[in-house]
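There are 2 protein chains.
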Amino acid sequence: MTTSSSPLGLHRVIDPPGVLPQAAWRLDTDPALAPDEVRIRVDRLNLDAASYRQIRETYAGDPDKIRAAVLEIIATRGKMQNPVTGSGGMLTGTVEEAGPESPLGLMPGQRIATLVSLTLTPLVITDSLSRWDAKSEQVPCEGHAILFARSIAAALPGDLPVPLALAVMDVCGAPALTKRVVKPGSVAVIIGAAGKSGSLSAAAARQAGAKVIGVVPTEAEAALLREAAGLTDEMLTDEIVIADARDPIGLAQKVEEAGGPADVTVVCVDVAGCEGGAILSTAQGGMVIFFSMATSFSAAALGAEGLAADVTMLVGNGYVPGHADLALDLIRTTPALRALFERRVRYEGGQP
Amino acid sequence: MTTSSSPLGLHRVIDPPGVLPQAAWRLDTDPALAPDEVRIRVDRLNLDAASYRQIRETYAGDPDKIRAAVLEIIATRGKMQNPVTGSGGMLTGTVEEAGPESPLGLMPGQRIATLVSLTLTPLVITDSLSRWDAKSEQVPCEGHAILFARSIAAALPGDLPVPLALAVMDVCGAPALTKRVVKPGSVAVIIGAAGKSGSLSAAAARQAGAKVIGVVPTEAEAALLREAAGLTDEMLTDEIVIADARDPIGLAQKVEEAGGPADVTVVCVDVAGCEGGAILSTAQGGMVIFFSMATSFSAAALGAEGLAADVTMLVGNGYVPGHADLALDLIRTTPALRALFERRVRYEGGQP
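Residue numbers (the numbering used here), protein chains in the order written: chain A, 866 to 1217; chain B, 866 to 1217.
Bound conformation, chain A alone (with noise of 0.2 Å):
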């Protein structure tokens, strides 16, 4: 590199000149480092949940198109950033090379996790994704990665297997700040509650002394909350209730009759259109934390309005202090979150 380097990765961008990395549509993908930076072997990319379900489903979950369409993003914007969604995910391996001014104090052979998302971190694949099956958003391959001064990389846990930890780390902003804002005695209210972000917020709430009514899509996602209960003789959530989110008027009704309205309501389910249930699950003076993707801010906005709703709406910060050491926590400490999450991991052919 022959400019200069900035710790956002200023000097990384292409195209248009002068935007941060997560808003450019190309980054420079060149391997030598600037005396700031870090390359990273890659070895696996897991990617944010909205985003595989966009490209799934446009390819009606045709492996090899699947395929395509991701290698031909990174290719063209040198980063894994879905132009749908805006969403990227996250990627482990290998400390390759560390710049000697670099301030993440990681050193070559350690092994990383990257807690910024894919979608401002320069990225290329050299294996034509081909161990990938397509079938998960757990992607095996094989490339290069460079993290800024400013990015996040934690490394990875010795006594938890890799595809958890991932996993964990994915979504570790959810618990964190569900855990910042739900306070003892209050109801809080997990929409997507068997999923990985949601599983571990319930978790955080509980653990805050929050009575958690926990809302799932189907009686299989139920299933799983009480399976993972069943074994290990814990519960995460005080209540189930099977809803559709995008219903506001059903949810609402049966957030109701479970004991809501709640407190703090948190969504964590990758499809559109939960913001007015969400809303509507909320008392008066209450909070509304979206973590999806899938969220519309406009319908956030003027569906609180519409429905006269004096609710604090946050948009799901992933980053907050110690967030993953948070969840690595809660995943030490609470048996029924580990198997439901051992079980979504297995699902989803997630292997380290």
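Do not take every clue at face value.
What the hints assert, rightly or not - Taking lysine to any residue pairs in the SDA-like style, the calculated list, with each CA pair at most 20 Å apart, reads:
#	chain 1	residue 1	chain 2	residue 2
1	B	K1048	A	V1046
2	A	K1119	B	V884
3	A	K1119	B	S871
4	A	K1048	B	V1046
5	A	K1119	A	S1051
6	A	K1119	B	G883
7	B	K930	B	D998
8	B	K1119	A	P872
9	A	K1119	B	L875
10	B	K1119	A	G883
11	B	K1119	A	S871
12	B	K1119	A	V884
13	A	K1119	B	P872
Stated by the list, open to error - Interface residues of chain A toward chain B, partial, derived using beta-carbon atoms under 10 Å:
#	residue
14	S871
15	L873
16	T984
17	D1112
18	G1142
19	L1145
20	A1164
21	D1175
22	P1186
Just so you know, these hints were derived from the structure itself, not from any lab. Glycine included, each C-beta is placed from N, C-alpha and C at the ideal position.
Since the structure of chain A is provided, determine the placement of chain B on it from the hints.
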């Protein structure tokens, strides 16, 4: 109406059935009232700024095409909701009939403004918008609209001109939420400080005891702020920064030089791509409130994560109890704000 009515207006949803009126594609505009509804004789629409801008730009400012586009949306959907921006606006009119079970306390003949969005208000236009020059978002018109039991309407104040009161009430959620979160002695950055929601938010932040840095895009907008201050011997902002809010790096640097970063940043400009700049101009532990309908949920969520920014991000909720009274009081008690607003309303061609 033969079906039983819902306070949320569910009985007016035609397509798709079972969703909330705001999420519906099409509403029933039948002038016959359910017992808890109110019919308004409409005299003016105030289109959402992002919606008006999108339509004006699509038709390159051609008045006939702009009128036709708005008429087509209203005729097709039974409400004024721009399919591209998802946003609507508000209206004024006179109460024509109030159902015996309406809880809104409105009497026939009363002059009111609706404080719920046009995106969920059944609306019929009968004058082809022939009196609208299509040069501003204030649309004189004739027709009728329906209010539900849980709609919000405010009587127009007798001491302020109608276009002024309407312009204030249209954006009254912004100053109310700003006042709620700003602390005395903190730094508030208002992006779009010379606009309507921006100047109201600036006044609210100053009243709450914050140091206010107003960001405007051009010298002309800065002059508006200075002129209002000069006319009234009162500042709306402590500092004025001229910067492109879509340029995160440039914006953050200029805000820093003016006394930032912000404890609270309020985004009030209707252009896309301001998420990164707002986040980067805010201190760790601070807050960003997004009031622009041009905000991208994923750009905000991923932008904060990508910058490792521990900022709380709020979806600006247009409804805060008491918001209309608070905003009207700000206009009455802040001469510089009133001077700026009168200039804005005059410039936009709004007439009583």
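Against chain B, run the beta carbon of A:P1186 and see if the smallest gap drops under 10 Å. It holds, given that the least Cβ distance between A:P1186 and chain B is near 6 Å, below 10 Å.
Given the hint that A:K1119 pairs with B:P872, does the C-alpha gap stay at or below 20 Å? Holds: A:K1119 and B:P872 sit about 18 Å apart, inside 20 Å.
Can we keep the A:G1142 interface hint, with Cβ of chain B closer than 10 Å? With Cβ-Cβ at 9 Å, under 10 Å, it holds.
Are B:K1048 and A:V1046 close enough, with their CA atoms no more than 20 Å apart? Roughly 19 Å separates the two Cα atoms, so the pair holds.
If you draw a straight line from the CA of A:K1119 to the CA of B:S871, is it 20 Å or shorter? 18 Å, holds
Please verify whether B:K1119 and A:V884 have alpha carbons no more than 20 Å apart. With Cα atoms ~16 Å apart, B:K1119 and A:V884 stay inside 20 Å; holds.
Between the alpha carbons of A:K1119 and A:S1051, is the straight-line distance 20 Å or under? Given that 20 Å is the threshold and the Cα spacing comes to 18 Å, the pair holds.
Is the hint on A:L873 kept, meaning its closest Cβ partner in chain B is under 10 Å away? Cβ of A:L873 sits 7 Å from chain B, so the hint holds.
Does A:K1119 pair with B:G883 here, judged by a C-alpha cut-off of 20 Å? Distance of about 16 Å is within 20 Å: holds.
Measuring from the C-beta of A:D1112 to each C-beta in chain B, is the shortest one below 10 Å? Since the shortest Cβ distance to chain B is 6 Å, the answer is holds.
Interface restraint verdict for A:L1145 against chain B (beta-carbon cut-off 10 Å): Result: holds, 8 Å to nearest chain B Cβ.
Would the hint on A:T984 stand, with a C-beta cut-off of 10 Å toward chain B? Holds: closest Cβ of chain B sits about 5 Å from A:T984, inside 10 Å.
Going down the numbered hints, you'll see the structure goes against none, and every one checks out.
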